[in-house]
Amino acid sequence: MTSRRTATAAATAALVLSGLAASPALAHGSMTDPVSRVSACYAEGPEAPKSAACKAAVAASGAQAFYDWNAVNIADAAGQHQRLIPDGKLCSAGNDKYRGLDLPRADWPASAMKAGAHTFRYKGTAPHKGSFALYVTKDGYDPSKPLKWSDLEERPFVTVTDPGMQNGDYVFQGTVPKKSGRHLIYSIWQRSDSPEAFYTCSDVVFGQDNGGTEPAPSASAPTDEQIEAGADESSVEHGGHGKHEGAGEAAASTAPARTPSPDVPAPAAGSGSGVELAETGGDATTPYLAVGGAAVLALGAAVLFGTGRRRRTRG
Numbered sequence: 270m271t272s273r274r275t276a277t278a279a280a281t282a283a284l285v286l287s288g289l290a291a292s293p294a295l296a297h298g299s300m301t302d303p304v305s306r307v308s309a310c311y312a313e314g315p316e317a318p319k320s321a322a323c324k325a326a327v328a329a330s331g332a333q334a335f336y337d338w339n340a341v342n343i344a345d346a347a348g349q350h351q352r353l354i355p356d357g358k359l360c361s362a363g364n365d366k367y368r369g370l371d372l373p374r375a376d377w378p379a380s381a382m383k384a385g386a387h388t389f390r391y392k393g394t395a396p397h398k399g400s401f402a403l404y405v406t407k408d409g410y411d412p413s414k415p416l417k418w419s420d421l422e423e424r425p426f427v428t429v430t431d432p433g434m435q436n437g438d439y440v441f442q443g444t445v446p447k448k449s450g451r452h453l454i455y456s457i458w459q460r461s462d463s464p465e466a467f468y469t470c471s472d473v474v475f476g477q478d479n480g481g482t483e484p485a486p487s488a489s490a491p492t493d494e495q496i497e498a499g500a501d502e503s504s505v506e507h508g509g510h511g512k513h514e515g516a517g518e519a520a521a522s523t524a525p526a527r528t529p530s531p532d533v534p535a536p537a538a539g540s541g542s543g544v545e546l547a548e549t550g551g552d553a554t555t556p557y558l559a560v561g562g563a564a565v566l567a568l569g570a571a572v573l574f575g576t577g578r579r580r581r582t583r584g
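Numbering (the numbering used here), first residue to last: 270 to 584.
Note that these hints are calculated values from the structure, not bench results.
The beta-carbon is built from N, C-alpha and C at its ideal position, and this holds for glycine as well.
Honestly, I wouldn't trust all of these hints.
Label pairs and their in silico Cβ distance ranges [said to hold, decoys possible]:
#1 Gly450 with Lys319: 22 to 30 Å
#2 Glu502 with Asp408: 18 to 26 Å
#3 Lys417 with Ala328: 18 to 26 Å
#4 Asp356 with Ala386: 13 to 21 Å
#5 Lys324 with Asp411: 16 to 24 Å
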């Protein structure tokens, strides 16, 4: 009986520790300049979006996906973006929860864009260290067809590491290449303190919109008031991933393996000058493990010591 109690205590400590180690990392956000699809539809209102494209996206994904606008991610991406995300599912990152974002259509709300210097903004609702890479679609891009990796220019036109923050936004500079008509800017935010990565699709128009018969509505980013108002409806937990985010990991494990081409190259050092800086700590589970794990080990040791002591006393 004593040996059984000892084994049970040790197994319990091991299980608790393994649960702590498996706790998801902490980071969320989405592009707001140019506005990402998921941000634009959240700003319109997940229950009653205004644009035809956002109505279709909500019909496909459900409103909850847009209350969780800041969690289009793959938890264990580790830079293997092209291997993990199939063609046609770039905007959802292969996550079925966000499948509405992959709808091929030429009337997504769009941001006006022009070639040359541009200030990019990415709302970091849970900031962490990492690198951003931005790609733009090639000339001849057809928004009415599913987005493929081959539709993007081979190399990112902006790469930046650990940009500064201003009022909750990562802010960084980049030079936009010359384009015309409707295009798409694809962003990858790869954390450096975790394998987690986040993805966005931002529809943009250079000059005259060539996507459809009528100009698409302009995209607007959610305001701080809208973000705060929708917080109670969100299933995203900033102390760890929300209830639905496991789909990103499922997508990573089920996506067909393909020969990867270079993903995000070594980024250039960022030159952000924001008042706030991205957090410099390690994985969000680190403090919890350091305290909780030590406590569990101490508890396990105490149980084992107490059991041994009782055994010796009885002997």
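Hint by hint, here is what the structure shows:
At about 24 Å, the CB distance of Gly450 to Lys319 agrees with the hint of 22 to 30 Å. Hint check: Glu502 to Asp408, Cβ distance near 40 Å, so the stated range 18 to 26 Å is violated. A beta carbon spacing of about 24 Å between Lys417 and Ala328 agrees with the range 18 to 26 Å that was offered as a hint. Judged by the Cβ atoms, the range 13 to 21 Å given for Asp356 and Ala386 is violated: they are separated by roughly 32 Å.
The beta-carbon spacing between Lys324 and Asp411, approximately 22 Å, falls within the hinted interval of 16 to 24 Å.
The structure is inconsistent with the numbered hints 2 and 4, although it conforms to all the rest.
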